[in-house]
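*Asks:* Next come the chains, spelled out residue by residue.
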Amino acid sequence: MEDSPLVAMIGVTKAYGGALACDHVDLTLRRGEVHALLGENGAGKSTLMRILSGDVTDHHGTITLDGTPVKFGSPVDAQRRGIAMIPQELDLVPELSVSANIFLGREPHTRFGPIDTRRMHHETKELLARTGITLDPKRPVGELRTGEQQLVAIAKALSRDARVLIMDEPTSALSPTEVERMFAVIGELREAGAAVFYISHRLEEIGRIADRATVLRNGRVAAEFDAGALPIEQVTEAMVGRPVGALFRARHGETGDELLRLDDLVLKPRRQRPGRREPAGISLHVKAGEIVGLSGLLGSGRTELLETLFGTGTPGRWHGEMRLRGKVVRPRGPRQAVRLGLALVPEDRRISGLALAHSVRANTVLSIVDRLARVGIVARKRETETTNDVVRDFKIKLGSLGDPVATLSGGNQQKVLLGRALLTEPALLLLDEPTRGVDVGAKAEIYQLLSAAAARGIGILLASSEPAELVGVCDRVIVLHGGRSTRELDTRGAGEAELLAAAMGSTEGTP
Amino acid sequence: MTTAEFLPGRGSTIAATLFRFQSLFGLALVLAGAIVFSPAKNGELLFLGGENLFNVVRAISEIGIISVGMTFVILVGGIDLSVGSMVGLAAVGSAVLMAHNGLGVLPTVLIVLAAGLVFGMLQGVTTALFGIQSFIVTLAGLQVARGLARIWSGGQAVPLVYGDGPGRAPVTFSLLGERTFNGLVPIPAIIFAVVAVLAMIFLRTSAFARHVYAVGGNEKAARLSGVNVARVKILVFGLCGLLAALAGIVHAGQGNQGGPNDGIGYELDVIAAVVIGGTALSGGRGSVSGTVAGALLLGVLNNILALNSVDSNVQLLIKGLVIVAAAGLQRLRPTP
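As given, the protein sequences belong to chains A and B, one line each in that order.
Each number in our numbering comes from the position in the first sequence (counting from 1) with 12 added on.
Each number in our numbering comes from the position in the second sequence (counting from 1) with 1 added on.
Hints were generated in silico from the structure; no laboratory data involved.
Think of the CB as a built atom: it goes at the ideal place given N, C-alpha and C, for glycine as much as any other residue.
Just to be clear, a hint being listed does not mean it is correct.
Claimed, not checked - Reference excerpt, derived from the structure (chain B facing chain A, CB under 7 Å, subset only):
# : residue
1 : 147
2 : 208
3 : 285
4 : 286
Construct the complete structure from the given sequences, taking the supplied hints into account.
*Replies:* Printed below as a string of structure tokens:
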């Protein structure tokens, strides 16, 4: 059995409703291999890995482990066979100690009954030593930095004798040194015969750590590359399904007066380390009719910046200067921000965007219900007309206006949010990951809508983790790193590859 | 003119319709049961007697009035445990103001209603601005209001003796215990009906109600869309306090006294009525019409059990089962 791959997925298919999340995917993982998975959001990477880790069980197709067909009933089942997933949102309990997390659910006991904490701490220390870090096993996980938490999650998987590790964007919140340390750990793991499925958007990283890279698109394998030399353009083309230029058309249209200017805006971290120098802040400007991108790693301050501008960050947590049309402002809350002419489409539409059980109509007009009302009574007809206009202009596909918004696809939900934001007739539109979990077709339509909005003179500040999106949609891209703006790129001048590299977090050539 | 989008269930299948009007069907079911199990006298069903039917509504009117306010609170995802104590405080207040302070009916009613409104709004302020869960805030409110009622009454029920002169309450107030229209329709039932109808219209048509649903449906989304979440919560808790005070006034009128222990445990019946009415405790979904049906269902159930002289302990058991059944039905409901 030595020549059979460690893991083979053959013809794996999984449908959600009518849509195929995975469509006859064949994928293998050899011993000691790091196999990178690439693809846009919704391409099927996560579903595939959730199938492999036993989280999704009602799929078609076969999975073999060491050449033997297996069928997992649950994640615990898969873990018992040596397959462990480390999700992007780590499944650690912040309040519990490092060792309690590692031994969660299978704590050793002393002869007399109670949990043998001494043994737990001891074994934890040994495990952590294998991942190359020294941590106090008694410390609550919540006090650790993200990179340390990531390593604890790996140690937890190792403690369960995992031979197959699935890592979902493991470096998205790590500092460069932490990334190096994690790569070293992965190197040791493969020496020991373990293998890794590695989901990431960062081509540079994949080139360093992976042996092979498979690109998924619309639930199918679109291309396979030798990870040693990844041709960026071909990879992105395989991801998007067409030449990048065809999907994204940066407008570079007429721009008007300056709308927003930030001077050395410093976002204070929640817990400040004493004696640490504050970083130079974020400086940028947005003109009317301009789309400006915000790029940077998770934790670089993208979302925090948008929240601060919209007044939802904690007041007093930032200093510096924010000017709107030349006037110094300091929004205290969303209501004030809306009055100032701002609108925000938040990052996670299900958590902070939509009332999922409520109708498309109720969700669309939420921001302007007051305006649709006369003496406090909502004019039903105007409400319906307004929603109909949005549905038509934005090409929202739906059954009826009264359907719960949860029944729409991700792309159409996003359009509802965009419609709601634009109904307030903002001067400046703040977008946080506007196409996350949106299919390619709806994506193109959303880009067109943004273009049209900009053409009407609306300024747009767009935060995104998708380089191709930033390069394709924005006039300029500001790169954030550690809470400060480190670079500014004009998307006209530079070549695509350079922009991709820059947007992916490379900080070479800081101005 | 429907608010179907805020009601549970969707689509036009029979099952979906059943779920949407679940509380009405429940009420119909219980009514049918009441008719079947009604004891008869001289060939006439006691349950269907005009006087008995109005007694059902009278008996449930206080709970019904409060449950309208509670519906709003639960729609924003909150809960108000202080309403029972507020009934006691308002009943005591009405009795003391008229019998001891010699105030007229109108000033008394206005002062008590204002007190209920302010008390409710204070609870709203505490929960909205300081971010303390309404369960905790109103649990504290429950104690405070009950304490105030006991202090104000001196620990004893304040009797209402109608007539002129010191120590007597205006005769007008005794109307609350009376009936109109051929001596059949109780005044409390009319008050309940008016409150319910106004609330139904308000909840279906007002911009404020849209904000109520939005806050309950997704508070964060509502805030980011520019909805003044704190204001919505404060006003909703104020409304609930106001209606609880109104129920307290009715209670004093019906009992001809204001007792410091009046209304103990009302909050549980009120919450039961709202839940049976199909309003989701998580907020964002529900209706006043459902709540009214839920309150009537409880009333009919109480009535028919009493008519059949069912042991009061067994009554509790049956009521408990009905509440669980109603909540269970909600779990079965197809979720989007």
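*Asks:* Would you mind marking each hint as holding or not holding in the structure?
*Replies:* Cross-check of the supplied hints:
no.: 1; hint: 147; in the structure: violated (35 Å)
no.: 2; hint: 208; in the structure: holds (4 Å)
no.: 3; hint: 285; in the structure: holds (6 Å)
no.: 4; hint: 286; in the structure: holds (6 Å)
Of the numbered hints listed earlier, the single one contradicted by the structure is hint 1.
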